[in-house]
Amino acid sequence: MPTDSPSLRAALLALSLCAVAPFTQAQDTSRAPLLDHGRLRRALTRFASEHAELVTRLELGSSRRQLKIDALRLAAGSLERGRPGILIVANINGPHVYTSGIALEIARDLVARYRTDPAVKQLLDTTTLYVVPRANPDGAEPRFKDGMVEKIGTGWNVDNDRDGRTGEDHASDINADGYVSWMRIRDAEGEWIEDPRDRRAMRKADASRGEVGVWKLIREGRDRDGDGKVAEDPGRDAEVNRNFAAGWEEHDPRAGRYPTHEPETRALCEFVMGHEDIQVVLVYGDQENLSVEPASVADDAAASDRVPPRGLRASDAALLKELGRRYGKIVDRKVTGSDDTAGTFQAWTYEHRGLLTIALALWTVPLDAKSDDEAKSDDEATPDDEATPNDEAAPDDEAAPDDGEDDDLPEPSDQAKQLAWADAQGITNFHLGWQRFEHPELGEVEIGGVRPFVTIEPPDAVRGQIVDEQVEFLASLAPLLARVQLTGVEAEVLGGDLVRVRASVENPAFLPLFTVWGKRTRTTRPARLQIFVPEGSQLMAGERQHLLWELPGSGGRKDFEWLVQTDDVSKIGIRVETKNAGAASAVPEVK
Amino acid sequence: MRLLLHTAALTVLTATALAQDESTGFAGTAAGKAPRVEIAWNRLYDVDEIYAHLDRLVAAYPERLRMHPTVGHSVQNRDLRVYVLNNPETGLDTEKPAMWIDGNVHGNEVQGAEAVLYTAWYLLENYGTNERVTELVDRAAFYLLPMQNPDGRANWFAGAHTASSSRSGYQPVDSDRDGVPDEDGPDDLDGDGHITSMRKRIPGEGTHRLDPDDPRVLVRVPADTKGARGDWVMLGREGIDNDGDGRINEDGPGGYDMNRAWPSMWQPGHVQFGAGPYPLYWPETRFIAGFILDHPNIAAVQSFHNAGGMILRGPGAASFGSYPRADVRVYDEIGRTGEKMLPFYRYMILWKDLYTVFGGFVTWTYEGLGIISFTNEMWSRRRQFPDANTPAPDDRHFFDDHLLMGDGFIDWKPFDHPRYGPIEIGGFKKDVGRVPPSFLIEEETHRNALFCLVHAEAMPEVVIENVVVGEGSGGVRTIDVEFRNLRAIPTRSARTAEQKIGTPDRFSIEGVEVLAGGFRTDRFRPEAIELAEREPERLLSENGVGGRGVVRVRWFVRGRGEATIRFEGEKASNVSREVTVR
Numbered sequence: 001m002p003t004d005s006p007s008l009r010a011a012l013l014a015l016s017l018c019a020v021a022p023f024t025q026a027q028d029t030s031r032a033p034l035l036d037h038g039r040l041r042r043a044l045t046r047f048a049s050e051h052a053e054l055v056t057r058l059e060l061g062s063s064r065r066q067l068k069i070d071a072l073r074l075a076a077g078s079l080e081r082g083r084p085g086i087l088i089v090a091n092i093n094g095p096h097v098y099t100s101g102i103a104l105e106i107a108r109d110l111v112a113r114y115r116t117d118p119a120v121k122q123l124l125d126t127t128t129l130y131v132v133p134r135a136n137p138d139g140a141e142p143r144f145k146d147g148m149v150e151k152i153g154t155g156w157n158v159d160n161d162r163d164g165r166t167g168e169d170h171a172s173d174i175n176a177d178g179y180v181s182w183m184r185i186r187d188a189e190g191e192w193i194e195d196p197r198d199r200r201a202m203r204k205a206d207a208s209r210g211e212v213g214v215w216k217l218i219r220e221g222r223d224r225d226g227d228g229k230v231a232e233d234p235g236r237d238a239e240v241n242r243n244f245a246a247g248w249e250e251h252d253p254r255a256g257r258y259p260t261h262e263p264e265t266r267a268l269c270e271f272v273m274g275h276e277d278i279q280v281v282l283v284y285g286d287q288e289n290l291s292v293e294p295a296s297v298a299d300d301a302a303a304s305d306r307v308p309p310r311g312l313r314a315s316d317a318a319l320l321k322e323l324g325r326r327y328g329k330i331v332d333r334k335v336t337g338s339d340d341t342a343g344t345f346q347a348w349t350y351e352h353r354g355l356l357t358i359a360l361a362l363w364t365v366p367l368d369a370k371s372d373d374e375a376k377s378d379d380e381a382t383p384d385d386e387a388t389p390n391d392e393a394a395p396d397d398e399a400a401p402d403d404g405e406d407d408d409l410p411e412p413s414d415q416a417k418q419l420a421w422a423d424a425q426g427i428t429n430f431h432l433g434w435q436r437f438e439h440p441e442l443g444e445v446e447i448g449g450v451r452p453f454v455t456i457e458p459p460d461a462v463r464g465q466i467v468d469e470q471v472e473f474l475a476s477l478a479p480l481l482a483r484v485q486l487t488g489v490e491a492e493v494l495g496g497d498l499v500r501v502r503a504s505v506e507n508p509a510f511l512p513l514f515t516v517w518g519k520r521t522r523t524t525r526p527a528r529l530q531i532f533v534p535e536g537s538q539l540m541a542g543e544r545q546h547l548l549w550e551l552p553g554s555g556g557r558k559d560f561e562w563l564v565q566t567d568d569v570s571k572i573g574i575r576v577e578t579k580n581a582g583a584a585s586a587v588p589e590v591k
Numbered sequence: 001m002r003l004l005l006h007t008a009a010l011t012v013l014t015a016t017a018l019a020q021d022e023s024t025g026f027a028g029t030a031a032g033k034a035p036r037v038e039i040a041w042n043r044l045y046d047v048d049e050i051y052a053h054l055d056r057l058v059a060a061y062p063e064r065l066r067m068h069p070t071v072g073h074s075v076q077n078r079d080l081r082v083y084v085l086n087n088p089e090t091g092l093d094t095e096k097p098a099m100w101i102d103g104n105v106h107g108n109e110v111q112g113a114e115a116v117l118y119t120a121w122y123l124l125e126n127y128g129t130n131e132r133v134t135e136l137v138d139r140a141a142f143y144l145l146p147m148q149n150p151d152g153r154a155n156w157f158a159g160a161h162t163a164s165s166s167r168s169g170y171q172p173v174d175s176d177r178d179g180v181p182d183e184d185g186p187d188d189l190d191g192d193g194h195i196t197s198m199r200k201r202i203p204g205e206g207t208h209r210l211d212p213d214d215p216r217v218l219v220r221v222p223a224d225t226k227g228a229r230g231d232w233v234m235l236g237r238e239g240i241d242n243d244g245d246g247r248i249n250e251d252g253p254g255g256y257d258m259n260r261a262w263p264s265m266w267q268p269g270h271v272q273f274g275a276g277p278y279p280l281y282w283p284e285t286r287f288i289a290g291f292i293l294d295h296p297n298i299a300a301v302q303s304f305h306n307a308g309g310m311i312l313r314g315p316g317a318a319s320f321g322s323y324p325r326a327d328v329r330v331y332d333e334i335g336r337t338g339e340k341m342l343p344f345y346r347y348m349i350l351w352k353d354l355y356t357v358f359g360g361f362v363t364w365t366y367e368g369l370g371i372i373s374f375t376n377e378m379w380s381r382r383r384q385f386p387d388a389n390t391p392a393p394d395d396r397h398f399f400d401d402h403l404l405m406g407d408g409f410i411d412w413k414p415f416d417h418p419r420y421g422p423i424e425i426g427g428f429k430k431d432v433g434r435v436p437p438s439f440l441i442e443e444e445t446h447r448n449a450l451f452c453l454v455h456a457e458a459m460p461e462v463v464i465e466n467v468v469v470g471e472g473s474g475g476v477r478t479i480d481v482e483f484r485n486l487r488a489i490p491t492r493s494a495r496t497a498e499q500k501i502g503t504p505d506r507f508s509i510e511g512v513e514v515l516a517g518g519f520r521t522d523r524f525r526p527e528a529i530e531l532a533e534r535e536p537e538r539l540l541s542e543n544g545v546g547g548r549g550v551v552r553v554r555w556f557v558r559g560r561g562e563a564t565i566r567f568e569g570e571k572a573s574n575v576s577r578e579v580t581v582r
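First to last, the sequence lines map onto chains A and B.
The first sequence begins at 1 in the numbering used here and counts up by one.
The second sequence begins at 1 in the numbering used here and counts up by one.
To be clear, the hints were calculated from the coordinates, so they are not data collected in a lab.
This structure is a prediction, so every number in the text was calculated from the model and none was measured.
Coverage of chain B stretches by chain A, computed from C-beta distances (three or more under 8 Å per stretch; other residues unrestricted): (1) 241–250; (2) 269–280; (3) 312–324; (4) 492–502.
Just so you know, even glycine gets a beta-carbon here, dropped at the ideal spot from N, CA and C.
Construct all of the structure, not just a fragment, from the sequences and the given hints.
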């Protein structure tokens, strides 16, 4: 569509804004709306001040562009020593803006249910919840700008195209439809074709099937530096969630200059290190390890050049599998997660800090929705529809072979599957269509493709559902968190004033005190067991203090004994302390 | 980088300087020469004294030495000062290739600071009288940080220490994870101002016996000696169980290693001790990294340590593989020259010849930033008896007894230890073993400083040569240009090119219409050209100009007039040349 005349451009813009309407915040009536930085801050502040008895607002620091990174602390009662903490981090991947609304709504829902829901009450009474609804405020900003773009990088800038200039050729909304989308250009060197299963979808030509590419597919933008390439040197390359130290990929522009060079990354690290009460971390992002069983390696996988292999350890995978089984009873939704963990927060909290880390993708476009014609052919099999003539069900598809055998077509591309889902949901503006456009440098192109953010953001109804599910899952975690107890604390008088004292440290909960990485890195604090003997008494055998670096879950136990010379057993004290799994004290019972 | 002054102007300046300052300066020759600033080179200086000497040099040579306005701070709030040595008459420091020199990242490895101080002093005192020093100071800049770890140094000087303690920085670390940081370090039990060793006599049940020729020395009894048991046991460093956990000296001050804190191939603490929770965690390291990243003109790095007599380069770990061959050639040339300058020093590869280091400083400056970087491990005990023909005993006591009059050793004395009962405490003092004795400090610092100058002289210097305007037809003419690097270090190391670090070098022409152009690939075949696809008047090269190499460019131009040919790069001064196209 030519857009030479200003009036036509204006009309187009108006039209496109109409089309956007269901997804803009002004119209967003969902339970977990999209909130820009200012609105999110105001909502957090108001929420915290309205529920000061349960909610405290915290600040982690500032983003590269000086936006504050906020957090909420949810806890009822006094924050006694050792009370376990759960850290929830949302919107660390810039474009996952909607997860901020989810996190905020989860916090609101927990508070609202505190007095009525016993599971929620237990959660807030016995644990401390830290919620960081938007770890990456800069990354969220492009969602709220005209010329909306799914851009992940927010940080350090490099000269991607090696022309001696940095960030001079970024993607842009050249047809002023409100989106930075895609451009396709007919080109003999192009690698892309329209997916014969759905001509709106683009997929790479499969040479092994004799397919020949006819389109080039590139980001929407100009060739600002005149080098013949479009949008090849965007500004702000470094990504917050590739800038952590675990598996950091030096010299990848997305990884940043050095680990924690991005202020958001460092602020998160400092927050985690400054809160030794955290026992479990949940991240709402693009990875998934509950709905999907992630790959793992043996606990004692051999090191190479002293460096142990990265990734999940088998014993921890078993924990996640059981949590996943429970999660599956609450959440019946398939998601696909990224398995690229290089330099991510999730990798750092687990592999370097030893914290059990639950990665949740929350929602991705279901790829198993049936397309119209598939749905119809399924219907054919049902007795009710026997009357339907076969030819009506034939796909209206030029590419279909003459004999009408769909089987010869390759599997639909993921994008075709996404479109099938959108169609089935009745979402009409999932795809922008392909609009002809006279590009100032490239000549005739077509602009369009799948609309930015529709594959990231779940529909309104689903967002509400996600909140309910996550609240239920969080509440179910409370009794599973590792907790130390003292059992069998006994004193046996051996004769005279010589007493044998016994005590066991036990963890009745499902989760162990340490993950496999926790045992290895020793970055989480050990449990400390101490015996106190009264003045005038003497410890004759045994250590005054034991540091425990291992305590399995589900009744894991360690036994200790001492010999004490004393005339007053009742003044002997045993105490076990942790930073993140409770504490207990006892006086030995004389047998 | 801005243009360097014209060569002719430089020559004039040099001549003037030489005439003015003829009375001072001493390139190593002794008769009748005196420095403007006298510094005694037979001793070591504490943090404040090092800075005071540098400030004296600033006062004496304000035109060529200044303290950089950005000052870092250590954990205990001591200054991290970078002194900038540069001749502003020939351009800003940021417009020249610069060498970074530091020392003392390990608090106990002190004499690196003296070597940094000596480098500044030597360059300033000899500028204007020595031709090579003058030339070097006119074309290059130096960033001098005498101490990466001033806290470690200050505590090592002030406190009771061994030769190896106070290596860490001084951020409290709960090394034994009992909830209290730094509560059980070594103790100066006998109050003599030194941490030495403890030994106990247990007749017939020990692991050691006294050397019959010298009872100060304990000799291990071989485990398989039947029946013969020693009479003594070694009990480690002087100390008690301060925190009552049953262990002695297990949680001293700090407890980390700031030379394991750098981003390239960094590994966390469970892989190697002391790396911290993430790279550049400690304020000292973060300040230094920031300074270096802000100065892409740094083209050479030396970071002084002690001890052992080594000229070290990366890789720090076998899993890195090898450095690119072209860079290894540069390393080898400088390193082997160093072996000849520094008696008993060996040029070595860290992981292969010493031990594995992940996230070391000079491995970061090379692997991360592409800068040819060395660490010298200063002082080798073999320097005590440099002549191979001297029947030098290998024992430390001979040297101490005869050349230090016994001043380096504290003889064993009885002590009643709260856990071990009657023991003896004694041993060598902290400044024996890892630092040179007083009378050899000057030689040690001089040789190492001069090795830095060899390294600095190798920093790239590009000149434009052999500009030939060819005969053309149809109004089109060729312009051939040679961009020559006179020095051993390339303008962009192979590592820099391979990892696309920083900005590529630019070779440009301005003032005439450029129709085509590119890099020539065969000096004998002018038609062999990698033609630029676009902007032929501004050619970019990831590889830059190799060490003592040439880049040949041919441009096809139209029109007449004055054209300006330029080279611009991060690690060599920019140069330009005018050419008339008639």
